[in-house]
Amino acid sequence: MDIRLMFQYKGPKTAKLRMETEWFNEKAADLLIQDMLKTGRMKEIIVLDELGREWTVKEFQKLREKAEEEPRNPIIYFDGGFNRLNGEAGIGVVIYYDKGPDQYRIRYNAKLSELLSSNEAEYAALYNAVDILQQMDFQQTLCNIKGDAQGVLKQLAGEWPCYEESLNWWLDKIEEKIKSLGLKMSYEVIPRNENKEAHKLASQALKNQMIDSHLKIDPHHNRNN
Numbered sequence: 001m002d003i004r005l006m007f008q009y010k011g012p013k014t015a016k017l018r019m020e021t022e023w024f025n026e027k028a029a030d031l032l033i034q035d036m037l038k039t040g041r042m043k044e045i046i047v048l049d050e051l052g053r054e055w056t057v058k059e060f061q062k063l064r065e066k067a068e069e070e071p072r073n074p075i076i077y078f079d080g081g082f083n084r085l086n087g088e089a090g091i092g093v094v095i096y097y098d099k100g101p102d103q104y105r106i107r108y109n110a111k112l113s114e115l116l117s118s119n120e121a122e123y124a125a126l127y128n129a130v131d132i133l134q135q136m137d138f139q140q141t142l143c144n145i146k147g148d149a150q151g152v153l154k155q156l157a158g159e160w161p162c163y164e165e166s167l168n169w170w171l172d173k174i175e176e177k178i179k180s181l182g183l184k185m186s187y188e189v190i191p192r193n194e195n196k197e198a199h200k201l202a203s204q205a206l207k208n209q210m211i212d213s214h215l216k217i218d219p220h221h222n223r224n225n
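Sequential numbering from 1 applies to the sequence shown in UniProt numbering.
Don't read these hints as lab results, they were simulated from the structure. Careful, some of the hints might be misleading.
[Stated by the list, open to error] For lysine-lysine, the following PhoX-like pairs were computed, each having C-alpha atoms within a straight-line distance of at most 20 Å:
| no. | residue 1 | residue 2 |
| --- | --- | --- |
| 1 | Lys-184 | Lys-200 |
| 2 | Lys-173 | Lys-184 |
| 3 | Lys-10 | Lys-62 |
| 4 | Lys-179 | Lys-196 |
| 5 | Lys-111 | Lys-154 |
| 6 | Lys-16 | Lys-38 |
[Stated by the list, open to error] Pairwise CB distance ranges, derived in the manner of DEER restraints:
| no. | residue 1 | residue 2 | range |
| --- | --- | --- | --- |
| 7 | Asp-172 | Leu-37 | 45 to 51 Å |
| 8 | Gln-8 | Glu-165 | 54 to 60 Å |
| 9 | Asn-168 | Lys-27 | 51 to 57 Å |
Just so you know, even glycine gets a beta-carbon here, dropped at the ideal spot from N, CA and C.
Put together the whole structure using the sequences plus the hints.
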């Protein structure tokens, strides 16, 4: 998550100046704050984040310590497949997230019945992804959702209208979970070749090859494979 700092600066020959930084990564915040405090010229430092929250330096440092123990910054990849011949749907979900200094990956798929289309399968996949975040108690963090289902992502972002009643039902349920978790969302439409993991999981579900894994990964893992 990116943050910025607001503070008063008092130089040896200047009056107090109200100043603020550009946005930068929170991992660099502690070092910058400590360096600023050493000069003795920065007063009333306030830390602001992308969620609109603000803290004193002490509050921010406590928050950072707590954040090391909680999952944060999830990136969701999702996909859904639909077999018109038997009416079965397969969903695939991949979630990358940080916890402390480590990175983790969740891979999950499922076969669903009683869905009506591939579009509904896409929504069901995304609903299940957000449901996993809720089960893991993700709270007040950034969340990036990536997929090749342009309609789903544009409708969820409020850029396109959704006229189908069955899809609106999923849309409402997803938005309800997002709101309850206090997530700040971003949506990214990606090419199918960048969504291989989720697509493969959805295809495997239709073949009754079920996956449910949760592992710590190498931070240099290639997510496109």
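Here is what the structure says about each hint:
In summary, the hint linking Lys-184 to Lys-200 is not supported, as the alpha carbons are separated by about 28 Å, beyond the 20 Å threshold. Restraint check: the Cα-Cα separation between Lys-173 and Lys-184 comes to about 16 Å, which is no more than 20 Å; the hinted pair holds. About 27 Å separates the Cα atoms of Lys-10 and Lys-62, which puts this hinted pair outside 20 Å; it is violated. Distance hint between Lys-179 and Lys-196 is unfulfilled; the C-alpha atoms sit about 29 Å from each other, more than 20 Å.
Restraint check for Lys-111 and Lys-154: not satisfied, since their Cα atoms lie roughly 25 Å apart, outside the 20 Å limit. A distance of roughly 17 Å separates the Cα atoms of Lys-16 and Lys-38; the hinted pair therefore holds under the 20 Å criterion. Taken as a hint, the range 45 to 51 Å holds for the pair Asp-172 and Leu-37, whose Cβ atoms sit roughly 47 Å apart. As the Cβ distance of Gln-8 to Glu-165 is approximately 55 Å, the hint placing it in 54 to 60 Å holds.
For the pair Asn-168 and Lys-27, the beta carbons lie near 40 Å from each other, so the given range of 51 to 57 Å is not met.
In summary, the structure is inconsistent with hints 1, 3, 4, 5, 9 from the numbered list given earlier, while agreeing with the others.
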